[in-house]
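*Asks:* This is what each chain is made of:
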Amino acid sequence: MSIEKMEFVNISGHTKDLNAALVKLSECGCFHIESASKVAKKKSGYTTLKEENPYTPLLKTLNEISARSGISFKSMDFSDVENDSLASLEKYLSEVSDTLDEYKTAERQAREQLSVHEQAMYQVDHLQGITADFQQIFHCEYIKIRLGRLPADSFAKLPFYDDKPFFFIHFSQEQEYYWGMYLVPAAYLDEVEEIFDELYFERTRIPDFVHGDAETASSELHQMVEEDKKEIERCVKQLNEFMLLKTEKLCKIFSRLKTQHDNFDLRNKAAIVNDKFCIVGFVPRKDSEHFAEMLGDIESVEVTMQHADVNGKLPPPIKLKDNSFSKPFSLFVEMYGLPSYNGINPTNFVAITYMLLFGIMFGDFGQGVVLAIFGALMGKFKKWAMGPIISRVGISAAIFGLLFGSVFGYEELLDPVYERLGISFLPIKVMENVAPILVATIAFGVLLIMISILINIVSGIKNKDYENALFSNNGIAGLVFFGSILGGLVGTLLGAKVFSVPYVLLLIVLPLVLMFMREPLACMVKGKKYKMEGGVVDFIAANFFEVFEFLLSYVSNSLSFVRVGGFAISHASMMLVVMALAKGMSGAASPFMVVFGNVFVMGIEALLVCIQAMRLEFYELFSRFYSGDGVPFTPVKINYDETIE
Amino acid sequence: MQKKYNATVAKIMAVYGKRLTQQDYTEMMNRQSVADVADYLKKNTYYSRLLASIDTNTIHRGMLENLLRRSVFETYMRITGFEHISKQQFYNYKIIQTEIDEILRCIRCINAGSDKLIQDVPVYINHLTSFDLLELAKINSFSDLLEFIRKTPYYVVLKNISPNEDGKVDVTRCETLLRNYYINMLKETADSGGGDAEQFNRFLEAEIDLINVINSYRLTAYFGESEEEIEKDMLTFYGRITAERHREIYSAPNAEEFIRRFSKTYYGRQMIRNGYDISNIEQSVRRLRHKYARSVLRRSGSAPLSVYAFFFLLETEVQNIISIIEGIRYGVESNMIASLVIT
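Protein sequences, first through last, are from chains L and D. Residue numbers for the first sequence follow our numbering, beginning at 1 and rising by one. Residue numbers for the second sequence follow our numbering, beginning at 646 and rising by one.
Since the hints were made in silico from the structure, they are not lab data. One should not assume that every hint holds.
[As the list claims (entries may be wrong)] Subject to a maximum C-alpha distance of 16 angstroms in a straight line, what follows is the list of computed EDC-like cross-link-like pairs (lysine to aspartate or glutamate): (1) L:K38 to L:D309; (2) D:K761 to L:D197; (3) D:K761 to L:E194; (4) L:K5 to L:D287; (5) D:K783 to L:D163; (6) L:K531 to L:E519; (7) L:K526 to L:E467; (8) D:K761 to L:E191; (9) D:K909 to D:D922; (10) L:K144 to L:E193; (11) L:K249 to L:E82; (12) D:K783 to L:D162; (13) D:K761 to L:E193; (14) L:K319 to L:D309; (15) L:K237 to L:E107; (16) L:K16 to L:E299; (17) L:K164 to D:D760; (18) D:K761 to L:E198; (19) D:K796 to D:D777; (20) L:K319 to L:E4.
Using the sequences and the accompanying hints, generate a full structural model.
*Replies:* The following block contains the structure:
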């Protein structure tokens, strides 16, 4: 798996053919466009097109129709409407919009009517108990009646007004309110109304259309509400039927307009000189021939292909070459950033190391298989990008589970199998080999770090970045230093006397000096003169601290991998707890505990291990060889999902 | 060993985390009506539960204010009920505070000959108070009031107060006596709060200092009271500003000189350092008190201090909303409203 090779393309032709060329470009699906003004020379007197897109207003109308009708338009073959004039399309859309307005207005009015009736019903329902006709109540001459609701706090204060000439009768109670009415002699109305105002009484005005007593009125209102609902349903049905008839044509119009709109937008990328246009961009090398042939159909258009990095101003875009095994892991690579054009695609490296790291940390055969099935199903049916990754790391976890002899937390289940097979060194019991596992994972980490440094050296040499490849902490100097220290330590532990004077001077001190002097040395290799900025003292101080930081990073990065062993142990420990809890439970509850424990551990550990493995990849490994500053390859195409506001 | 009530402190921090932000205040200030503000509170803030059953379109401003005040009390009940700290004498301070406020409102109504006390009586607290607040609202003379509170500690505090010839009572004097009683109660019971009583007392002393400053400023600037009169109305507790220093400040001949003298005190310097407009001393004192409360709530893990500071901040928040509501109701410009909001 590597990076797709690109060709730099220069397309030129008569401006009359510009639109035709742009249509072809958006159809081909393999052209990454760049603004021609970035490469055109100012002396050539080029101009760029700054035109208002004529398709935008109609697309906005379509968008409004879509928003109001709730129908989203999809791309369709639009040959039926291809030759219709914009004016006729505008007229058609306007007619649809007007009719839609009529239906929507009718629906809105019906809803408003429903709201009024529901509000009245809500009020009247709270006044059940009034047996007199509402209209008669409101027309009493000597007694005035006010209906409404009183806050519960205020209701408690009514006894304070015992000496005032009114009665408050409540019919129902809500959380915060008492619904009811107060009766007051007409002569005292103002005084009592003032009291009730101070008590925050909310008066209900019964609409004129409400007749009879509360029960009759309620029944009538319920009927009205039902009729309103039916009316709304009828309006909605009418609108849906209308839209059903129009949707197909609207989709065709939308597809045509969106295609023309997006193609028109591309005109801004072209440079115009006299009556000629120029478009630049990139095409994958494998598609270049087909691409040139396709554009060759247009009479005045000429296509020139050049090496991708011919133009220093435009870095070639990155398209990762896929293989089915590691393809899902490109998600992580893209998350960090794409490699540079001449860089190394780390997806395979990530796929292998991520699976190994996850497998070690999550080693359980049963849980690994479950995870693999879960990931595969989520990837297939839910199109979840993490699904295929989960599926692969699940398989890795299952393999390490076999090595650790762990199946759903049962650590002895595979023992007889290995005995029968005569394999004495398996299974590796995690809880019985804590120290060896921790040491082994650090060793594994060291190996990964050294591989990362090697990748960086290859990449540096390929890109002629000699400072990085030869003298940096991630270059040959760093590799020799790190390898020598480790080799020396291992040798000493095994009883050999490794740290002799020449060994120390050549393999430890010399690389350190090279790292310290990396900038002037790199200049020397390139044949350039090194200019020291800030004087000798600054140079020494800055490089001293940088080299010191390099040394620290070797130690901290290596020790960071101890977490891999740590998580393997923690996984086994958590399952041990689950098994102990299950054992302590009654016969019937025990299987539930095992299942629940497994699900819990799987959920929490899978999440933690995913994050930890990703952290190791990004922080300990990627930082040594990967910058992630590549530009993604985005071929020109019509975006039917984009909304024009 | 006295229990520390750490869970209550944690609970307070969790509740405090939901407080209104500057953006919430800005959003509310940009609203056109009280109904809009109520609607914003209902849909976007933790007041949604309080306003769930309220029709924000028809809600009366006064009722909304009462509801907001009630929400403070409901939070108080929730916090003090969490570890049953309300059993500790200290944590009844809000009930006592409410009782004192209601007695003072009653005295003001007696002086004004008004029967409007009933309107804003917090009936939701009535089951916890040592006297019936609804009955209190019916009182229309000071002698009746004394009789009414005879069996409460407030009787001893107020018994020596006698009405003037016109039947009016010196409210400021009553307030000073009752506040002194309240502060004394806080100091004496702080030990029962399960936290560092000394730390609480230090915070309280700063509060008292600032209350004394603002009281003496009002008496100097608005009423032109004499030194002797002001001295009588001072709370009898002191912190960083001693009684002598206070006297030196309020002996100022006018408001400008008062502020100049005050600006040299610890609190004055703090205000200047924080960029407050010291000429607007009332607002600056409110801001400084708010700042202190926020600071102790963040730093202190002590339950009494956390509870006290938290409810101070919560009351400030409610006061901010009320300022916004009143500002909108009376068409005050939004920058003027913004200056009243303390964050």
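*Asks:* Each of the hints needs a verdict: does it hold here or not?
*Replies:* Evaluation of the provided hints:
1. For the suggested pair K38 of chain L and D309 of chain L, the alpha carbons sit about 14 angstroms apart, so the restraint of at most 16 angstroms is met.
2. Restraint check for K761 of chain D and D197 of chain L: satisfied, since their Cα atoms lie roughly 12 angstroms apart, inside the 16 angstroms limit.
3. For the hint linking K761 of chain D to E194 of chain L, the alpha-carbon distance of about 11 angstroms falls within 16 angstroms, and the restraint holds.
4. Our distance criterion of 16 angstroms between C-alpha atoms is met by K5 of chain L and D287 of chain L, whose separation comes to about 10 angstroms.
5. For the suggested pair K783 of chain D and D163 of chain L, the alpha carbons sit about 12 angstroms apart, so the restraint of at most 16 angstroms is met.
6. Note on K531 of chain L and E519 of chain L: the hinted pairing holds, with a Cα-Cα distance of about 10 angstroms set against a maximum of 16 angstroms.
7. Of the pairs offered as hints, the one joining K526 of chain L and E467 of chain L holds, with about 9 angstroms between alpha carbons and a cut-off of 16 angstroms not exceeded.
8. Of the pairs offered as hints, the one joining K761 of chain D and E191 of chain L holds, with about 14 angstroms between alpha carbons and a cut-off of 16 angstroms not exceeded.
9. This hinted pair checks out: K909 of chain D and D922 of chain D have alpha carbons roughly 14 angstroms apart, not beyond 16 angstroms.
10. With a C-alpha separation of about 10 angstroms, the suggested pair K144 of chain L and E193 of chain L falls inside the 16 angstroms cut-off, and the hint holds.
11. Between the alpha carbons of K249 of chain L and E82 of chain L the distance comes to roughly 12 angstroms, so the proposed pair stays at or under 16 angstroms and holds.
12. The hinted pair formed by K783 of chain D and D162 of chain L meets the criterion: a straight-line CA distance of about 11 angstroms does not exceed 16 angstroms.
13. Taking the CA atoms of K761 of chain D and E193 of chain L, the gap is about 15 angstroms. The hint holds against a cut of 16 angstroms.
14. Of the pairs offered as hints, the one joining K319 of chain L and D309 of chain L holds, with about 15 angstroms between alpha carbons and a cut-off of 16 angstroms not exceeded.
15. Restraint check: the Cα-Cα separation between K237 of chain L and E107 of chain L comes to about 10 angstroms, which is no more than 16 angstroms; the hinted pair holds.
16. A distance of roughly 11 angstroms separates the Cα atoms of K16 of chain L and E299 of chain L; the hinted pair therefore holds under the 16 angstroms criterion.
17. At roughly 13 angstroms between alpha-carbon atoms, K164 of chain L and D760 of chain D fall within 16 angstroms of each other, so this suggested pair holds.
18. Only pairs whose Cα atoms come within 16 angstroms are accepted, and K761 of chain D paired with E198 of chain L is accepted, the gap being roughly 9 angstroms.
19. Simply put, K796 of chain D and D777 of chain D have alpha-carbon atoms about 12 angstroms apart, close enough for the 16 angstroms limit, and the pair holds.
20. For the given pair, K319 of chain L sits about 5 angstroms from E4 of chain L by alpha-carbon distance, which is consistent with the 16 angstroms threshold.
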